[in-house]
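In our numbering, the protein residues as written are 10 to 293.
Be a bit skeptical, because a hint or two may be false.
With a cut-off of at most 25 Å between alpha-carbon atoms, the simulated PhoX-like pairs for lysine-lysine come out as follows [what the hints assert, rightly or not]: (1) LYS144 / LYS110; (2) LYS33 / LYS13; (3) LYS144 / LYS204; (4) LYS164 / LYS205; (5) LYS26 / LYS81; (6) LYS140 / LYS110; (7) LYS13 / LYS189; (8) LYS168 / LYS198; (9) LYS144 / LYS168; (10) LYS218 / LYS33; (11) LYS267 / LYS53.
Derived CB-CB ranges, DEER-like [said to hold, decoys possible]: (12) LEU32 / GLU77: 14 to 22 Å; (13) GLU28 / ILE154: 35 to 43 Å; (14) LEU255 / ASN145: 14 to 22 Å; (15) ASN68 / ILE154: 16 to 24 Å; (16) THR186 / SER272: 18 to 26 Å; (17) LEU255 / GLU28: 18 to 26 Å; (18) LEU255 / ASN68: 37 to 45 Å.
Bear in mind the hints are in silico, worked out from the structure with no lab data behind them.
Virtual Cβ for every residue (Gly too), placed ideally from N, Cα, C.
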Amino acid sequence: MDQKIIDTHIHVWNFDKAEYDWLKNDTSILRRTYNIEEIEAERKASGITAGILVQATNNAEDTDWMLEVANKTPWIKGVAGWLPLQDPQATERLLQDVYLKNNYYKGVRHLIHDEPNANWLLQDTVIGSLKILAKNNLPFDVVGILPAHIETVLKVADKIPDLKMVFDHLNQPPIATKEKFGRWGRLMKEAAANKKFYAKISGLATATKNFAGWSAEDLKPYIEFVLEQFGDDRCFCGSDWPVSLLAGSYTKTWDAYKQVLHSILNNAEQENVFYNNAVNFYSL
């Protein structure tokens with residue numbers, strides 16, 4: 010079967026273009042510029058036909074760089090950028106004057122997992138900005154790592170019923186402890202009852218905390234769980250490159266996701282998870 014596959018979670022960062030605060034004290038392989046051209050051979054080998062660039066830092070320079078990269082990279086179909094959500098007026102102005110005029114601007118994200126308060130999204134100003142996203146049919150990527158982050162976005166959903174949201178990296182399932190499925194599972198099940206929530210199967214190899222020794226079988230129970238809860242019409246996949254390189258190559262990440270999904274989904278369901286759902290969520 011000739012499958013179309015969208016990688017919905019790719020980062021590019023360039024130290025000449027933007028500031029990346031979280032990388033300033035990083036001593037890993039991540040502390041360098043990563044350009045989209047670096048994955049070209051592996052992208053083709055993995056059969057990835059389209060991609061979404063996702064913000065890597067809370068500033069406009071990062072977003073502008075991603076839009077520039079998207080414009081010159083034919084297989085990149087969209088960008089999930091950043092907005093100053095604590096300032097609704099600035100958010101509205103940037104959207105109307107700049108980003109809504111750009112065909113690649115498809116969604117928004119903020120590094121909420123780096124904010125000291127897990128309730129960061131519930132500030133009145135931020136809620137005001139998120140309402141502007143909903144009004145413009147722009148979805149929000151939730152990069153949560155704690156059960157408290159899921160609790161927060163459940164409250165956001167109550168306040169803004171029209172806002173589409175996706176849990177990046179499945180909001181850090183307890184793969185490392187092999188728990189099935191605990192508080193994470195209970196909250197994800199609650200979120201799945203709301204049709205505006207989607208689940209992004211991404212970043213799972215690094216979530217194992219076993220960078221050298223993980224396998225597709227380690228990921229399978231958690232992928233099966235979210236598919237059972239959210240259905241094959243509200244899940245899609247992303248590599249989380251280059252963060253994923255901490256736990257192996259781009260090809261290894263995709264081989265694992267494909268192995269699991271081929272084993273539990275029929276052809277039509279695979280088309281949804283690999284392609285159709287991302288098209289719908291990001292309005293590609």
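Which hints, by number, does the structure contradict? Per hint list: 2, 7, 13, 14 and 18 violated.
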